[in-house]
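Student: So the sequences go chain by chain: A and B.
Just so it is clear: in the first sequence, position 46 is 46 by this note's numbering, and no numbers are missing.
Going from the second sequence to this note's numbering is simple: count from 1 and add 319.
Hints listed in this document are in silico derivations from the structure and should not be mistaken for laboratory results.
Everything numeric in this text was worked out from a predicted model, so none of it was measured.
Treat the hints with care, since some could be wrong.
[Said to hold, decoys possible] Where chain A lies over chain B, by a calculated footprint (3+ residues, C-beta under 8 Å):
hint	region
1	435-442
2	512-518
3	588-600
[What the hints assert, rightly or not] Footprint (simulated), chain B over chain A, 3 or more residues, beta carbon under 8 Å:
hint	region
4	72-82
5	148-157
6	176-188
[What the hints assert, rightly or not] Calculated from the model, a selection of chain B residues having no Cβ within reach of chain A, i.e. all distances over 12 Å:
hint	residue
7	I420
8	N612
9	P655
10	S656
11	F666
We put the CB at the ideal spot given by N, CA and C, even for glycine.
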Amino acid sequence: MIQFLIKRLIGLVFVVIGVTFITFIMGYFAPGDPIRTMLGEHFSPLLYAQLRHAYGLDLPWYEQYWNFLVHLAHFDFGYSFKTQGRPVWDILKDGVPVSMELALWALVVYLLIGVPVGIISALKANTWVDTLNMGIMLVLYAMPIFVFCVLVQVLIVFIDQETGAGWPVANWGEPWHYTWTDIQFKLAPVLVFGLAGAAYFARITRTSMLEVMRQDYIRTARAKGLPERAVIYRHALRNALIPLITVTGVTLGFTITGAFLIENIFNIPGIGTITVSSVLDRDYPVIQATTVLLAFGVVMGNLLADIAYTLVDPRIKLE
Amino acid sequence: MDMRDREIQPASPLIAPDTNLMVPAEPELLVETPGVIPEAEGPKERKPVSPLRESLRRLRRDKRAMVSLGVIIFMVLLSLLGPFIYQHLGGIYNSPDNGPIPATVYRTFYHQELSHQDELPSAQYWLGTDDLGRDILARLMQGLLVSISVAVLVEVIDITMGILVGVLAGYFGGWIDQVLARLTDIIFAFPGLLFIILLTGIFGTWADTTLSNVPIVGPNGNARLLLVSAALALVSWPLMARLVRGQTLQIKEQQFIEAARTAGSSNLKIIWRHIIPNLFSIVVVAATLDISNTIIGEASISLLGLGVQQPGSSLGLMISEASNAVDTHPWEVLVPSVTLAILVLAFSFLGDGLRDAFDPRTKD
């Protein structure tokens, strides 16, 4: 276990260095001079030189990269190019809670809908219930998430027109507040996001459950006369849910990229929206910060999932 | 594309990451080589047919896959021939703003007919017009052309690079294998869409000015498509390479390879004559499934405003433009969304069908 952890941590360092290097080098070789863009058409050469120095852009690339890493290690993301002198963290800090809230609720929906649907499908395998469930899940799974968003928006518009309900089509309420208006804003994006992920969870749960039901110990449990309910809940289900731990770790990547598109369509002021607008403004320090943060999140998610996996299933030895 | 990374499970905790022997990137894609499919299926009295023909026969019986194939062929024809037919069918229109104009003008994807904004389908505009009075059907066909061209370009790079690196890594191992393993690790950690957003965002304006003079792909705001395709290929080929590597490792141990080596074949000849032909099924299946990711990827990037630029058209761009007015003109957002969904589903279903056809044992 310890050995595995050390190995994984070494791998993690490698990945983080790779990711930071890619982000850094892309910003470094990006065409155009950010300071010139910042200063506009007319500027004094002195101010230009001062700003270049202040942002550390006059150093050779390896020193810039080293500084970038050192600052990252201190959770210092530097200063924005666009709004001169504004710390990057200041820009990100409003978006972080919104995105985390969206992702968390989406994860809840993944599990609350995906897992039961998968179990029901597996227990009723190859009946019409299974076919219907898996058909819906397959379409949800294969469809681009933003198309799903747009279709839901059209549906909301239609309902609003028919009933005069005035349900909001876009935007996000106060983060982590749940008054009725907040819930109205949040319900549609969370459900869309959650259902898209649930489709994946349902497929995995179904496969895993079917696999477990074929095992010898299930036959043993049945043979010794346990009621079917005990066989399913106590013997099958517990084991079938183990792979979901890994899957939950892996879905982090999906959750992040999905959030980019959902935030864009539903006009939610999260990290995704901030990243995309800073990409459009070519505000590299902000882009670099979000990229590194998100990649780090994905890697950590996978690591935690692996550790949880060993804790849950003692048969698995990591080395 | 990249929301689909979820299908790929990098962290199989059963296998330590450094010794990722035989870990296929997509477990569901574990297609056996045609040569090793046991002759379990079918009555024995039939004449023995080649495994490929057997697979195609199975594919033809798969209704969903065949319908999908039909849809894909229709969409390809629509994007290639549709605009000419559509423009040929229209007569002269007496525009209040532009005088008499032929259909080759008003039925283009960029012509703005300001007296016809936000219209529903009519004889003149079969699918209506958008908020600038542009023909939605014409824009849709152009968008399909963009989606399909990007998909083809990306898959060509993906397959070439994937086979090249994957076979070398699997056959020879060594440093190529190490580099490939590290590269896939990074790709897994880095959400693909994020990387493409970065690349297109940073180099987008450069592409606009430099690549807009390239013939055919350059003008009409399509210059960034080359960049988008390159970025999409960049994040997808390591996965293909990993898949090919796993398969190569498996084939390498087969007896016919040993036989070829004993008969004095060189490594190059073994790879060319024995390994690569046996990769056919796995590569075709993976590439077909990857096409839907690629199409979604391009649409996502254009949706975020980083892909095709005005006055060009792309399904993603159409959705993003129309989604601002979803409460007043839902029709305009429905058309590209539904088309995109159908296109993507068709490729997924065809990919699933191919997988089942090439390896019936994966079907549960």
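Student: Determine for every hint whether it applies to the structure shown.
Tutor: Going down the list of hints, with the structure as the test:
no.	hint	result
1	435-442	violated (count 0)
2	512-518	holds (count 6)
3	588-600	violated (count 0)
4	72-82	violated (count 0)
5	148-157	holds (count 5)
6	176-188	violated (count 0)
7	I420	holds (32 Å)
8	N612	violated (10 Å)
9	P655	violated (9 Å)
10	S656	violated (5 Å)
11	F666	violated (9 Å)
Of the numbered hints given earlier, the model fails hints 1, 3, 4, 6, 8, 9, 10 and 11; all others are met.
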